[in-house]
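**Student:** Could you slot chain B onto chain A? The hints should help.
Protein chains: 2
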Amino acid sequence: MADALKANAVVGQSGGPTGVINASLVGVIEEAAKHPDIQNIYGAVHAVAGMVKDEFIDLGRVSRETLDIVAASPSSAIGTSRDKPDAEYCVKILDIFKKRNIRYFFYIGGNDSANTAHILNTMADEAGFDIRAFHVPKTVDNDLLVTDHCPGFGTAAKFEACALMGDDLDNRALPGVKIDVIMGRHAGFLTAAAALGRVRDDDGPHLLYFPERPVSMDKFAADVDAVVGKLGRCVVAVSEGMCDTDGVTWAKKLAENAETDAHGNIQLSGTGALADFLAGQIKEKLKVKRVRADTFGYLQRSFAGLQSDVDAREARRCGQEAVKMAMQHDNGSVAMKRTGNGDNYAVEFFRTDLCNVAEKTKSMPDEFINADGNGVTDAFVEYAMPLVGGLPKTEYLGGRPRV
Amino acid sequence: MADALKANAVVGQSGGPTGVINASLVGVIEEAAKHPDIQNIYGAVHAVAGMVKDEFIDLGRVSRETLDIVAASPSSAIGTSRDKPDAEYCVKILDIFKKRNIRYFFYIGGNDSANTAHILNTMADEAGFDIRAFHVPKTVDNDLLVTDHCPGFGTAAKFEACALMGDDLDNRALPGVKIDVIMGRHAGFLTAAAALGRVRDDDGPHLLYFPERPVSMDKFAADVDAVVGKLGRCVVAVSEGMCDTDGVTWAKKLAENAETDAHGNIQLSGTGALADFLAGQIKEKLKVKRVRADTFGYLQRSFAGLQSDVDAREARRCGQEAVKMAMQHDNGSVAMKRTGNGDNYAVEFFRTDLCNVAEKTKSMPDEFINADGNGVTDAFVEYAMPLVGGLPKTEYLGGRPRV
Numbered sequence: 001m002a003d004a005l006k007a008n009a010v011v012g013q014s015g016g017p018t019g020v021i022n023a024s025l026v027g028v029i030e031e032a033a034k035h036p037d038i039q040n041i042y043g044a045v046h047a048v049a050g051m052v053k054d055e056f057i058d059l060g061r062v063s064r065e066t067l068d069i070v071a072a073s074p075s076s077a078i079g080t081s082r083d084k085p086d087a088e089y090c091v092k093i094l095d096i097f098k099k100r101n102i103r104y105f106f107y108i109g110g111n112d113s114a115n116t117a118h119i120l121n122t123m124a125d126e127a128g129f130d131i132r133a134f135h136v137p138k139t140v141d142n143d144l145l146v147t148d149h150c151p152g153f154g155t156a157a158k159f160e161a162c163a164l165m166g167d168d169l170d171n172r173a174l175p176g177v178k179i180d181v182i183m184g185r186h187a188g189f190l191t192a193a194a195a196l197g198r199v200r201d202d203d204g205p206h207l208l209y210f211p212e213r214p215v216s217m218d219k220f221a222a223d224v225d226a227v228v229g230k231l232g233r234c235v236v237a238v239s240e241g242m243c244d245t246d247g248v249t250w251a252k253k254l255a256e257n258a259e260t261d262a263h264g265n266i267q268l269s270g271t272g273a274l275a276d277f278l279a280g281q282i283k284e285k286l287k288v289k290r291v292r293a294d295t296f297g298y299l300q301r302s303f304a305g306l307q308s309d310v311d312a313r314e315a316r317r318c319g320q321e322a323v324k325m326a327m328q329h330d331n332g333s334v335a336m337k338r339t340g341n342g343d344n345y346a347v348e349f350f351r352t353d354l355c356n357v358a359e360k361t362k363s364m365p366d367e368f369i370n371a372d373g374n375g376v377t378d379a380f381v382e383y384a385m386p387l388v389g390g391l392p393k394t395e396y397l398g399g400r401p402r403v
Numbered sequence: 001m002a003d004a005l006k007a008n009a010v011v012g013q014s015g016g017p018t019g020v021i022n023a024s025l026v027g028v029i030e031e032a033a034k035h036p037d038i039q040n041i042y043g044a045v046h047a048v049a050g051m052v053k054d055e056f057i058d059l060g061r062v063s064r065e066t067l068d069i070v071a072a073s074p075s076s077a078i079g080t081s082r083d084k085p086d087a088e089y090c091v092k093i094l095d096i097f098k099k100r101n102i103r104y105f106f107y108i109g110g111n112d113s114a115n116t117a118h119i120l121n122t123m124a125d126e127a128g129f130d131i132r133a134f135h136v137p138k139t140v141d142n143d144l145l146v147t148d149h150c151p152g153f154g155t156a157a158k159f160e161a162c163a164l165m166g167d168d169l170d171n172r173a174l175p176g177v178k179i180d181v182i183m184g185r186h187a188g189f190l191t192a193a194a195a196l197g198r199v200r201d202d203d204g205p206h207l208l209y210f211p212e213r214p215v216s217m218d219k220f221a222a223d224v225d226a227v228v229g230k231l232g233r234c235v236v237a238v239s240e241g242m243c244d245t246d247g248v249t250w251a252k253k254l255a256e257n258a259e260t261d262a263h264g265n266i267q268l269s270g271t272g273a274l275a276d277f278l279a280g281q282i283k284e285k286l287k288v289k290r291v292r293a294d295t296f297g298y299l300q301r302s303f304a305g306l307q308s309d310v311d312a313r314e315a316r317r318c319g320q321e322a323v324k325m326a327m328q329h330d331n332g333s334v335a336m337k338r339t340g341n342g343d344n345y346a347v348e349f350f351r352t353d354l355c356n357v358a359e360k361t362k363s364m365p366d367e368f369i370n371a372d373g374n375g376v377t378d379a380f381v382e383y384a385m386p387l388v389g390g391l392p393k394t395e396y397l398g399g400r401p402r403v
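One line per chain: the protein sequences are A and B, in this order.
Once you know that position 126 of the first sequence is 126 in the working numbering, the rest is easy, because the numbers rise by one and skip nothing.
Once you know that position 251 of the second sequence is 251 in the working numbering, the rest is easy, because the numbers rise by one and skip nothing.
No lab work stands behind these hints: they were computed from the structure.
Remember, it's a predicted structure, so these values are computed and weren't measured experimentally.
Do not take every clue at face value.
Stated by the list, open to error - Residues from chain A shown here face chain B by an in silico Cβ test under 8 Å; the list is partial:
#1 Pro17
#2 Ala77
#3 Arg185
In this text, a Cβ means the ideal position worked out from N, Cα and C, and glycines have one as well.
Isolated chain A (complex conformation) (with noise of 0.2 Å):
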């Protein structure tokens, strides 16, 4: 347990932006304003890159109508940034902390944001600069350890349910092979959360592939050739990160091959490349007539008016529970333990070390990925269920008896 410091505070978004990280932007200043220790809550304006350039905003003086819509609009409020400090870089940074009397630094982030933390935080200390450095978890690729699942995964988690639900009646009411290409990095959490919309036995996605379970091309197209002979059509859920059984990613041999290959304007690194790709492949291999391919791109993180209630509710208390830790700890990380499921789904908020997060990746657990490693197991489904706060009811008439 640590003294309380009188100082101002100092909230940061980092990395790509999700569909609540603005919650817990709200969470925290809503929060700060409650302990008369934390003087002024700024905000760093694109992250580190504010920080190190002494460019702040008062968060304090945000109405409380302006916040709740802030809580609930997508991207970051405040900026982001991709920056990774150095020890320079650091060193600045603190520079400015101690020009500015700031002794609270909040950072809402993935696993590199919390190693942002952890090395402020270490340095402060080497240089007897008191400080408290708390991370406040976000991802949309639920890749953080420790915590039971990330803020902004619930969100982009509905956001792929629906896109799905909707692509696979699209696909009944027009049959052939889509094929939809899912963020997520190295790990497959969002792009299984494509199958949590299936409610009717031959729903779609009827296949998913996860960079967990590398793949060859021509396992794909004998899968994708397997759903079509029974069912005349096929939906496929792709993660960007999936790999070849070599373990290089799709991706990186289709911008390898197009660096040879092609020349001139034509850009085959681009989001679109992969899922034209696959579809290419397909038409190839399998001579279907109807292969489509879609890339979700930014949508799946910054869409206005989509977000799971269940996220934002948790992100908000993520970032309040960082202050509050931050009145008693010196650092850490906010995490979530899951204390029951279903519809008694309930999660508690506990700290962890910053070094148990700081630049360590989650995979999908093996019990989440089924056997022949193209689809998800129930235990996937009743993990993420709960995270995304309600599904829509879809009907599909087609296949009723005919008269």
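**Tutor:** Below, chain B without anything else, positioned relative to chain A:
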């Protein structure tokens, strides 16, 4: 005024699905149930393809509860088809109609579907077989003549607006150039709808390109350069049917280029290719570091849980009105006339001749496009805003004064 016909009815859904084509289907079914002259209401599975193969389901047996879920579901609940029936095809359909005593024909679709209804009606007349053929408008492209706007557009417009609101906030948080390729074939309405969520002076999309205003790649790059110079970032919405100044679509130029330059498995005519190509052009011409591109794909027309309530209500009414009209007229297409705007927005439904809608395409009126050909006017916003049925509020704090 035609005499009453005691017979069966068929309804079909044709062409690309939308978010509310099922609302129109339900409108037809529930209104048909009110008219004793309509005995059974059959659903043609996969539109004309089902009619010609005698594949029907009995829609009169679907429960009220299920119908309400159908009306809220995206895609075409009884399947659709892109078949364009020729004379021989129509003869087969009429034979099936005779066999089943089908004399009411309701076809939900775009201008091709209006044409199918027109052809069937003409051929039935010539054969002395009295049918009532009605077209119910639907298209996300909003490109049908006569009607003020098309069911399906408002929901897709809401998707674009929410997508660009999120994307613009994302681009504020991580500045760069972002290009979004949007559906709409040869009409720019849907791309224009991407501007509906703008509220702040510097909100994106900052540039919009429509098929109605051909643009050279140099002008495109110069426009982006000017916005980047002013704001340090730029969000661009581009119609998939965008043309160069020689009248050739950008997508076609790219595809030709790809066929010449690349070989093997690389597909450039897939959905992501145009967006990636444009991103490549900007990277090359402007030396902007961060350039991203997304192609929204099928999410735009089939995303579960996203409807404009105005659009869903009007789509359902269009289905109902078609049945009412069929009680009194031989044929026609349902159209909407706007009788009030803004807070007093309202429409009236009326019948127009099939030939007024069949095979014809509406472009965006000049008054909706700005003088530079790269943005929308207030007149467009006044026209389209009532159709999306409300948009979420968002806030960005990063532009506030530094402290």
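**Student:** Each hint: holds or not?
**Tutor:** Structure-based check of each hint:
1. Pro17: Status holds, d = 5 Å.
2. Ala77: holds, 5 Å
3. Arg185: Check failed: Cβ of Arg185 (chain A) comes no nearer than 16 Å to chain B, outside 8 Å.
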